Amino acid sequence: MSERPGSRHGSDRPERPAPPRWPSADHTTGGAGDLAVPGVDGSFAPGGVPSESSADSSSGSASPAGGARVVWPEAGQADDVDALDASRVPAVEQTGPMRARATAGSSPWPAAGSVLRTPARSRKRRRPAETAPAYAPHAPAPHAPAPPGVARPTAGAGPWPVAGGTGAAQPGAALPDSWPGRSDMAEVPEVSKVPVHPAAAPAPEPPRTADPVRQLMDTHWELCERAVHPLEIAAGLEAHGIDDRGAVARFRHRDVFSLAEELYVRVPRAEDAPPPPATAPSARNRGTRARTPLLLLPLLPGVLCALLFAALASLPADLPAAVPVAVGAAGTVAVLAAVRPALRLALRPAPQDTRPPGRTWGAALSCCCLLGYALYGDWLLAALLGGGPEPDAFAPVAARPAVPLTLAYAVAPAVWCARLFARRSRRRLAESRGLADFARRVRPLLGAVTALFAVALPLAHTAAALALEGRPPTAGALAGTAALGLLGFASLLLTAHGFAGAALVGTATAVAAEAAVLVCVPAARLPGLGALGRPVELVVSAWGTASVPVSAGALAALALLTYACRVLTGASAHHLRAEH
Amino acid sequence: MVWCDRLLRGLGNHEFEIYALTRGARQEEAGWCDLPRNVARVCVAPLWGPAPAAPEGAADRPGFGRKERRDFEACFRELAAAVCTADPERRPAAGAGSGAGGGPAAPYDPPVAAEPRAVRPLADRFASGLYGLADLAREHAGLPAALRSEPALRILESACRAPGALRAAHSARVADLLAVADRLERALRPLSLDWYGAPGTGSGLAAADLCHAVGGGTAALAGLLACRWYGTPLLLTEHGVRLREHHLASAADAVAPGAAGAPVRALLASFQLRLARETYARAGLITPGDARARRWQEHCGAPRDRLRTVYPGLDAGPFREVGEKPPEPRGAGAGPGAGVRGRTLVWVGPVGPANDLVTLLHAFTEIRAEMPDARLRVIGTAAPGLPGGPGAAPAGTGTGGLGSLGGLGGSGEYGGPAGAESAADYAAAVRTLAARLFPPEPPGARALGTRTPGGSPVSFEEVGGPGLPTLADAYAAGGLVVLSSSTEGFPVSLVEAMFCARATVSTDAGAVREVLGGTGLVVPPRDPHALAVGCLSLLRDPARRARLGAAARARALELFTERQAVEAFRGIYLELMSYWPERDGAAAGAAAGAVPAPFARPPESHLPGAWPGSDGGVTAAARRRPPSASVPSWAGPDDPALAAPSGHGAEDAR
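Just so you know, the protein sequences line up as chains A and B, in that order. For the first sequence, counting from 1, position 162 maps to 162 in my numbering; every step adds exactly one. For the second sequence, counting from 1, position 64 maps to 64 in my numbering; every step adds exactly one.
Just so you know, these hints were derived from the structure itself, not from any lab. Be aware that one or more of the hints could be misleading.
Unchecked claim - Just a few of them, taken from the derived set where beta-carbon distance is under 7 Å, the chain A residues facing chain B:
id, residue
1, Val228
2, His229
3, Glu232
4, Leu429
5, Ala430
6, Ala513
7, Ala571
8, Ser572
9, His575
Quick caveat, the model's predicted, so the values are computed rather than measured. Beta carbons are placed, not taken as given, at the ideal position from N, Cα and C, and that holds for glycine.
Excised from the complex, chain A in its bound form:
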């Protein structure tokens, strides 16, 4: 309930027990937004006499000599200021919704455009200087009995509670401390603001109503319609200077809380359509547009990998063997180093620090192991099954160059798909009305994203194979790459949404399966353990060496994707990142 800068506030101060309403001056008291001096009419003629009264000394101490002087100002300069207002306020006609509101309650406001209400939508963004509500003196309540000893002037004659007819226009005229009205003035009257239609401001008499709460309601309409609890209105009213004394004196309420409860009941709540989803995605879109160059970052590993192969191919043949090895090692390190910032792009949606980073690193390490098997595992398995490997056998440096290149390029679609999933699912988060609804909306999204990646991977592999090897890849190679890529994609999705543990388990299981195969074959050579190697031999003889990584990767990927389909459709996987 922001203090609205730039609004004009008049004052209307009643008094206990039955308050008359005294008009008061009307001034521009704007905040930072409205620093223009209105009309530069700074020469207010102080026509009233400040009254003196003992302020309420509620805190127990005896009021010392001197007493409290409570100064209440006087009306008289309102007209020119209000004329200014009328010229400034552009829209004074009543619009549909506001009209409905003004007449919905039990207000006896005159219907003829007497309530200044700009439309609710425009009021949200209005600039203070343009449509600040004008406040004007309110008519005195006719039934107000004057306290004994106080000659209460009428509004036109200067509404000051003066003692004994000392109503001369002497601002400094001090009244004796023992003037008879003192005890009656012990309660300081309270402030409230009365809105009035600007067009009616030049007219001498603003509309009068028997319902003071109605005016309060109009003044604090936005606060009231947005409040979620009466206490919120109470806090807002107090911040605007209305407290228990004001509630008792002016609004006939026991305290400000019951006044707030009435306001809460009488003002209809703002429509429930939540604006936040409308603004939040736009902000996000703006952010992503700004980061478009950043989104090209996932292509970097692929580019580096291609450069590495190009460099290896262009090396002169007569160099010592250590040089290609060194170049290859350096290139591998560079590619892996480029993978890390690329993956961070996808990991950003999740609250990173809630995950122990060890699990993320473990999953990444497992993926590296799987990659190593994809490069050299088939060769090693074949060698092992054939009784080898020979002590001096070297693995081919680039046995299947298309595989690493494909996987390096696969980082890009993986990251993009993961980000797409995060963004789209967050939008569904704001749209869905329930958890089941959300799950229903997210499940096809997850499937679509996975399918997108699954399609992109063989395409990349085929392109890479054609470029590097000059022929399309075999079905086994395609399947192996697809399985490995899907496993990595599933673990990336899970990690990005806070399930790094599951990702670690899935990838580590695949690594363990492949390692077990590699261990079983030499272990079968030991006496008595020959049975260990039989299944492997059977599998390899039936489907070839490529079946091992394909089956291990595919099973793990399937398990992880199934798990992801269960947990990523839950809303708790999409907690927003902690802001601070």
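Let chain A serve as the given structure and place chain B on it in line with the hints.
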């Protein structure tokens, strides 16, 4: 918090342990000022940032197993149901009387008495859920993760859709549920802290004789738990009622772009309300800082017989010299032109939008029209000294040192940096306005009697700048102190002006009237004309000014001194401790299983030092750890006891 520091130093014979919650990184970076020697232990825990990782306390607290998860769901279901359910209509015809006329209502119907029985079951459900979660978190780590988990969301959803739920909660979307779960996790973080120790170990809150929570809401949670588990009496001090601040921030959020929707605000407000009610119901004594806080507490169910208003005390020492000097030289004549100082208005405080300097400047144009040689000096101070209403609370710009303790009060709804920026913008805008309203006069035109630089009648200065080395000098610079705030908590600058025996003209905001109590002028806020008339009437009457100033000083010295606050708390501490039955702590050495007897210990036995006939005091004195004065808590990790986290002062006065 400054007053906490004063309390620690004032009650030197009590031993304190400080448990602080921080609301942001800036608070932690600000560090601590020198702690007095009677602070034995400082623990800090963040209420911000990502949820603490579960395995932190894995050694002694295993994670949630199947049974714990079931228990958690049962407890959280209770809590969610209590939070999501609307209050039964408490006063159905609450506002109907206003239009219908009728006599003015009785000024104070006790709202507490009107608390119907229908509310009780909700409070009971809330309490059982809260304490059930606390018990779980005490035994097992992983409560934060569980609060963010899918089952928690499901429970929350079903509670929102249940019949009788809050109207706004019915329309909650999934994003709202997520936001609520996130905020609840933060608010309930004190449950999983390791501050509580165990009975008999002599460490943590279990060993404290009294918990003094300096702020309601989340900050009081730790004290609430200690009260439940160990019977530690809870003293709650609220200068600005946490619930009220929450609602103010929530209302401000409502119009902010991209803010949380109404369901989130409704559910969080409901949670805060239930928590406040529970806290007020359990607290042994509640000390509001002013009458407004008291009214809020009463409205939220604080029993009246346990409310004691304790005004935050200020140090009157720096202002003694100025206050005892007569404001204007005698014999200068009583006319309206007695000396430059007599015609100078002074405004002192942190410059911010809540201070409404624009009104002051407009009022000053009127004053100038009547009294052309009047001067206005706007003197900015660095930081608010006290937590207050909406004016002071968001302006957490200068919370250095012990200001970190200020984090206790809340859970980080305020945009701190934004507040600082808007304050700077506001200061610049005010200067621009002043330059436009009061163009600098040509040199020499009014050289005599002009002390402000540049010839302008309005000057902007800072305390510590040239000519104003101290705050007291700022008040001494003028004959009349003006406070023009549109919103205000506890008006510190007003009290300081009263210490300086300055007559004041203040706007009627916050606790101003209560503080002033008849020793100064009160005008309606945002009304330049009223302000001008008030200032003029005092500027023209030096005798009245002096009279008011003297009265103000007398009143301030009686009510608002540091000594008064410290003595009040000293008495409250002893009283609370004496009401509580003796606990079989390690120091008391009572036989286990003995029936606790109220009044078994006189309050004096809680004082440290050799107390004849009470070996407890001797034991405590011997047991006292070497004080870790002026060492930040994280600077000494060698002492394992110091590495603990959270938020409020626990007092350990054996």
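Now for the hints, and whether the structure bears them out:
1. Val228: Interface hint status for valine 228 (chain A): holds (4 Å vs cutoff 7 Å).
2. His229: Holds, because the Cβ-Cβ distance from histidine 229 (chain A) to chain B comes to roughly 5 Å (cut-off 7 Å).
3. Glu232: holds, 4 Å
4. Leu429: holds, 5 Å
5. Ala430: holds, 5 Å
6. Ala513: Since chain B brings no Cβ nearer than about 28 Å to alanine 513 (chain A), farther than 7 Å, the hint is violated.
7. Ala571: Holds, about 5 Å.
8. Ser572: holds, 4 Å
9. His575: Holds, because the Cβ-Cβ distance from histidine 575 (chain A) to chain B comes to roughly 6 Å (cut-off 7 Å).
Hint 6 alone, counting from the list given before, is not met by this structure.
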